[in-house]
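*Asks:* One letter stands for each residue in the lines below.
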Amino acid sequence: MNTSLNKIALLLEGEIAAGDPDLVVTGFNSIQEAEPGEITFLGNPRYAAALKKSNASAVIVDRQFTDVPPAMAVIRVDNPTLKFSTIIQRFGPPKQTFDPGVHPTAIVSPNAQLNMDMTYVGPHVVIEEGAIIGDGSFIHAGAYIGRNTRLGAKCVIHAHAVVKERCKLGNRVIIHSGAIIGTDGFGYEFSEGKHLKIDQVGIVQLDDDVEVGSCTTIDRARFGRTWIGEGTKIDNLVQIAHNCVIGKHCVIVAQVGISGSTRLGNFVTMAGQVGVAGHLTIGNQVTFLAKSGVTKDYPTPGAYTGYPAKPLIEGRRMLTYPARVPELLDRVKELEERLAALDGKKPSKRKKSKADASAEQ
Amino acid sequence: MNTSLNKIALLLEGEIAAGDPDLVVTGFNSIQEAEPGEITFLGNPRYAAALKKSNASAVIVDRQFTDVPPAMAVIRVDNPTLKFSTIIQRFGPPKQTFDPGVHPTAIVSPNAQLNMDMTYVGPHVVIEEGAIIGDGSFIHAGAYIGRNTRLGAKCVIHAHAVVKERCKLGNRVIIHSGAIIGTDGFGYEFSEGKHLKIDQVGIVQLDDDVEVGSCTTIDRARFGRTWIGEGTKIDNLVQIAHNCVIGKHCVIVAQVGISGSTRLGNFVTMAGQVGVAGHLTIGNQVTFLAKSGVTKDYPTPGAYTGYPAKPLIEGRRMLTYPARVPELLDRVKELEERLAALDGKKPSKRKKSKADASAEQ
Amino acid sequence: MNTSLNKIALLLEGEIAAGDPDLVVTGFNSIQEAEPGEITFLGNPRYAAALKKSNASAVIVDRQFTDVPPAMAVIRVDNPTLKFSTIIQRFGPPKQTFDPGVHPTAIVSPNAQLNMDMTYVGPHVVIEEGAIIGDGSFIHAGAYIGRNTRLGAKCVIHAHAVVKERCKLGNRVIIHSGAIIGTDGFGYEFSEGKHLKIDQVGIVQLDDDVEVGSCTTIDRARFGRTWIGEGTKIDNLVQIAHNCVIGKHCVIVAQVGISGSTRLGNFVTMAGQVGVAGHLTIGNQVTFLAKSGVTKDYPTPGAYTGYPAKPLIEGRRMLTYPARVPELLDRVKELEERLAALDGKKPSKRKKSKADASAEQ
Numbered sequence: 001m002n003t004s005l006n007k008i009a010l011l012l013e014g015e016i017a018a019g020d021p022d023l024v025v026t027g028f029n030s031i032q033e034a035e036p037g038e039i040t041f042l043g044n045p046r047y048a049a050a051l052k053k054s055n056a057s058a059v060i061v062d063r064q065f066t067d068v069p070p071a072m073a074v075i076r077v078d079n080p081t082l083k084f085s086t087i088i089q090r091f092g093p094p095k096q097t098f099d100p101g102v103h104p105t106a107i108v109s110p111n112a113q114l115n116m117d118m119t120y121v122g123p124h125v126v127i128e129e130g131a132i133i134g135d136g137s138f139i140h141a142g143a144y145i146g147r148n149t150r151l152g153a154k155c156v157i158h159a160h161a162v163v164k165e166r167c168k169l170g171n172r173v174i175i176h177s178g179a180i181i182g183t184d185g186f187g188y189e190f191s192e193g194k195h196l197k198i199d200q201v202g203i204v205q206l207d208d209d210v211e212v213g214s215c216t217t218i219d220r221a222r223f224g225r226t227w228i229g230e231g232t233k234i235d236n237l238v239q240i241a242h243n244c245v246i247g248k249h250c251v252i253v254a255q256v257g258i259s260g261s262t263r264l265g266n267f268v269t270m271a272g273q274v275g276v277a278g279h280l281t282i283g284n285q286v287t288f289l290a291k292s293g294v295t296k297d298y299p300t301p302g303a304y305t306g307y308p309a310k311p312l313i314e315g316r317r318m319l320t321y322p323a324r325v326p327e328l329l330d331r332v333k334e335l336e337e338r339l340a341a342l343d344g345k346k347p348s349k350r351k352k353s354k355a356d357a358s359a360e361q
Numbered sequence: 001m002n003t004s005l006n007k008i009a010l011l012l013e014g015e016i017a018a019g020d021p022d023l024v025v026t027g028f029n030s031i032q033e034a035e036p037g038e039i040t041f042l043g044n045p046r047y048a049a050a051l052k053k054s055n056a057s058a059v060i061v062d063r064q065f066t067d068v069p070p071a072m073a074v075i076r077v078d079n080p081t082l083k084f085s086t087i088i089q090r091f092g093p094p095k096q097t098f099d100p101g102v103h104p105t106a107i108v109s110p111n112a113q114l115n116m117d118m119t120y121v122g123p124h125v126v127i128e129e130g131a132i133i134g135d136g137s138f139i140h141a142g143a144y145i146g147r148n149t150r151l152g153a154k155c156v157i158h159a160h161a162v163v164k165e166r167c168k169l170g171n172r173v174i175i176h177s178g179a180i181i182g183t184d185g186f187g188y189e190f191s192e193g194k195h196l197k198i199d200q201v202g203i204v205q206l207d208d209d210v211e212v213g214s215c216t217t218i219d220r221a222r223f224g225r226t227w228i229g230e231g232t233k234i235d236n237l238v239q240i241a242h243n244c245v246i247g248k249h250c251v252i253v254a255q256v257g258i259s260g261s262t263r264l265g266n267f268v269t270m271a272g273q274v275g276v277a278g279h280l281t282i283g284n285q286v287t288f289l290a291k292s293g294v295t296k297d298y299p300t301p302g303a304y305t306g307y308p309a310k311p312l313i314e315g316r317r318m319l320t321y322p323a324r325v326p327e328l329l330d331r332v333k334e335l336e337e338r339l340a341a342l343d344g345k346k347p348s349k350r351k352k353s354k355a356d357a358s359a360e361q
Numbered sequence: 001m002n003t004s005l006n007k008i009a010l011l012l013e014g015e016i017a018a019g020d021p022d023l024v025v026t027g028f029n030s031i032q033e034a035e036p037g038e039i040t041f042l043g044n045p046r047y048a049a050a051l052k053k054s055n056a057s058a059v060i061v062d063r064q065f066t067d068v069p070p071a072m073a074v075i076r077v078d079n080p081t082l083k084f085s086t087i088i089q090r091f092g093p094p095k096q097t098f099d100p101g102v103h104p105t106a107i108v109s110p111n112a113q114l115n116m117d118m119t120y121v122g123p124h125v126v127i128e129e130g131a132i133i134g135d136g137s138f139i140h141a142g143a144y145i146g147r148n149t150r151l152g153a154k155c156v157i158h159a160h161a162v163v164k165e166r167c168k169l170g171n172r173v174i175i176h177s178g179a180i181i182g183t184d185g186f187g188y189e190f191s192e193g194k195h196l197k198i199d200q201v202g203i204v205q206l207d208d209d210v211e212v213g214s215c216t217t218i219d220r221a222r223f224g225r226t227w228i229g230e231g232t233k234i235d236n237l238v239q240i241a242h243n244c245v246i247g248k249h250c251v252i253v254a255q256v257g258i259s260g261s262t263r264l265g266n267f268v269t270m271a272g273q274v275g276v277a278g279h280l281t282i283g284n285q286v287t288f289l290a291k292s293g294v295t296k297d298y299p300t301p302g303a304y305t306g307y308p309a310k311p312l313i314e315g316r317r318m319l320t321y322p323a324r325v326p327e328l329l330d331r332v333k334e335l336e337e338r339l340a341a342l343d344g345k346k347p348s349k350r351k352k353s354k355a356d357a358s359a360e361q
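Chains A, B and C supply the protein sequences, listed in that same order.
Each residue of the first sequence is one higher than the one before, counting from 1 in full-length UniProt numbering.
Each residue of the second sequence is one higher than the one before, counting from 1 in full-length UniProt numbering.
Each residue of the third sequence is one higher than the one before, counting from 1 in full-length UniProt numbering.
Bear in mind the hints are in silico, worked out from the structure with no lab data behind them.
Treat the numbers as computed from the prediction; the structure is a model and nothing was measured.
Hints should not be assumed to be uniformly reliable.
You can't tell identical chains apart in this list, so a pair holds if it fits in one copy or across any two.
Dumping the calculated DSSO-like pairs for lysine-lysine here, alpha-carbon to alpha-carbon at most 30 Å [as the list claims (entries may be wrong)]:
| hint | residue 1 | residue 2 |
| --- | --- | --- |
| 1 | Lys52 | Lys333 |
| 2 | Lys333 | Lys296 |
| 3 | Lys53 | Lys333 |
| 4 | Lys52 | Lys345 |
| 5 | Lys197 | Lys346 |
| 6 | Lys168 | Lys194 |
| 7 | Lys197 | Lys7 |
| 8 | Lys296 | Lys346 |
| 9 | Lys83 | Lys194 |
| 10 | Lys7 | Lys296 |
| 11 | Lys53 | Lys345 |
| 12 | Lys83 | Lys95 |
| 13 | Lys7 | Lys333 |
| 14 | Lys197 | Lys95 |
| 15 | Lys154 | Lys197 |
| 16 | Lys333 | Lys197 |
| 17 | Lys349 | Lys154 |
| 18 | Lys168 | Lys53 |
| 19 | Lys296 | Lys52 |
| 20 | Lys194 | Lys346 |
| 21 | Lys345 | Lys197 |
| 22 | Lys83 | Lys296 |
| 23 | Lys83 | Lys197 |
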């Protein structure tokens, strides 16, 4: 990097609030990992304490932030996180590029359509017959594109991702390594003591700008389509079952599971490890916090948490209520004793409830 | 499709309860996605409201169901879901077929046994030495079959699935893309401040008609076998640890995790995201609802829910009890005030319990 | 196997407490699966009951253990589990070996560095330019090593594992099949109604003796590194998000999810399905039990459970408190009735609280 503090301030349209403008910055790093000579940034005020222990020589902070360690050079900017992206783009490692062309070990069906001058097809890729690959797409090493599957322009299918037959991907769709698009939905009919497989003949449709994380599985519909709307971002290890319809610009965080035929509106957020039952309808702008269990329709925008998921404040309170039970038991016992002193009676003997008994198991 | 309502009714052994028998049906689709001209079906009464908003021109319903929108043609049948499968099979996309033969890019050990005229081996498949592949099997693109692994007849190993060395698969076993069968069990011995790897020399055995979903991992036994019984169906992203024994005809839904050496009976159902501790015994016909935590033996058939999992009705009540705590606090406070008016005493001061204190964190 | 009981006792430095020293042992197996002629072991006293039903002809037990079925030959040793490992190593299947060399179908960039005489590179492997593979490493069938990624000595990259560009692996690192190292972190900026992808230009660093399970995903840092410390063992289907720092000798069990920028100390244990929020700090020797939800810093060594996770005893009690609510409701009702007999008043009518109402949903 080796760039002066002054040049960095100019690049970020920031002002130097402390430090020598001629200080040479040797690199950029996180607060915890920065070494002397490097510049870091404070994007989240919760790291203010960590900043005081940082070895960074300079820091980019918000224009309002004042609690900077004395020995550190400071550049004030409007949005430190965003401005740090500018530094990363300018001084970070160059993006890796792959020139168009089909690797000699790729197996591309003569009946597939792709423009060899406009597409990268890596080693050991398989593209089956009838597949259509939009221009500007990258199909990386070992990826598999099934029969009659269509990709729009500028898609990126990372190494070892699988997109099975007849699926439809829009433009600029990104599928990360190990994701499996178009596996059979999990459907059986129980008959004569056995689970008989129900054919899953539908497809998966991913609209423009969808991104799918590693080892995420999106099952094909029983018929019709499992459908992910434009701009929706899906993290790693997510399960989306057959016939789900996910709206536009949703965010589905890692290890979420959504059961079959559930429909999400637009701008829905699901934090990590949320589980959603099947055949439900979730409205626009609904957010579920981590580990929530979703067992009914949620038509109303807002944040929900818990199992079953409740509105945020109430859901959080629900987590604290059990801790009040010992106090309640004490207070009730005392009331019983005081009342006995007045009326001379004892509380009824009660059989242990089933709940008590099983709590002791 | 372009088939008359009448012909469809004949095919399904149903009766036309409304609509012109000569109506030309152009396609089939779900209630929500059907367009004018298409036929849909009502398999689950919860979709009756959605049916009223559907653009479908015709619907297949149960013989008892009467609440059909006025403008829609209606065929009554005995089992609408099953009968709709008939339509899908007849008018849906043809199943993709792969002719027997070994792709020239497949690496099949000369010491592996397979009948080239009876087996499909796709591009970039690897079949190691000593492997035996039963007739009528399909080993799709990029799949890996380890040394001395045996597959029965008519197995389907989907693209990029991995079955490691010495495993035993019965007949008609299906392994979906990205599933990993036979990874080392997660076993270490802690010694001198380090976790030393314990050799995992057992195998995985999958009996006839087992189906394993995408990105599901089934670890090989420390010794002996991790064993999945006949007809058991496993969804995507499931973890089955070393030395588990799963009975026959079980259903294990997505993102379930089962710890080492746990044994399940037959006809066990685990809904999504259930977690099961190790070294447990689960009896026949036990069902755990979604997200349950299983920490002890469950010998008795029945449905259980919650963490720790309790019998269904009780487990559901447990989820509602915390919500009664605020009411109890109010009522106890009022009792204390009324009693003070009689005996002139105040409730004892009590230190905040640990539980109270931490609930406030 | 076919080895005398006496020879086995000598091998294990144990003593024969029952049985004919000349008894020929035909094999070894688990308590439940052993057949007549085979030897088994009792490593965990919870299997004492199962031992009585076992068909094994001999058993290895701890020197203190006395409750052995009468007809079974017995060898007493100091650590039955460890001593059984000796039997497995001696009489179990030989470890599979792969001779050094590069398979002709592997695509190894001429700019990659590896010693062909000291490295196994399997069929269909891809090693991109600038990669460096340490001596004694095994890169199994279909694995992918990205550009400029460095592996230390004696690493094992199992079939179909993916290690993307610029990652750094120490010595003796094991990556199991289907694991994806170095996928983009899940980072977006919401702007004008869309989620814009934030470049993820950092790396993943795995120090010496790290082991990563199948279908586990470890995302590359936004910048800097996602870092897994020496000797840490990670099970299958785990998600580790961008910029996490995991200490040394941690154990992360299957299906755990750790959100971005969280830092773990050394010797941390996370049982199955634990979820951890982002930007947290977990101290040394902290253990979270299965399914715990971690939403704040845990600086203090110890075991925690629940959601939110509490110290072990308290966390377990929290699970039982809701079951006391029905009893409390009964006792309070009785108090109200007895008090009414004294003061002639009735309890205030109270509106249903929000919590009550929603509990009934």
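*Asks:* Checking each numbered hint in turn, tell me which of them this model violates, lowest number first.
*Replies:* 1, 2, 3, 4, 5, 8, 10, 11, 13, 16, 17, 20 and 21
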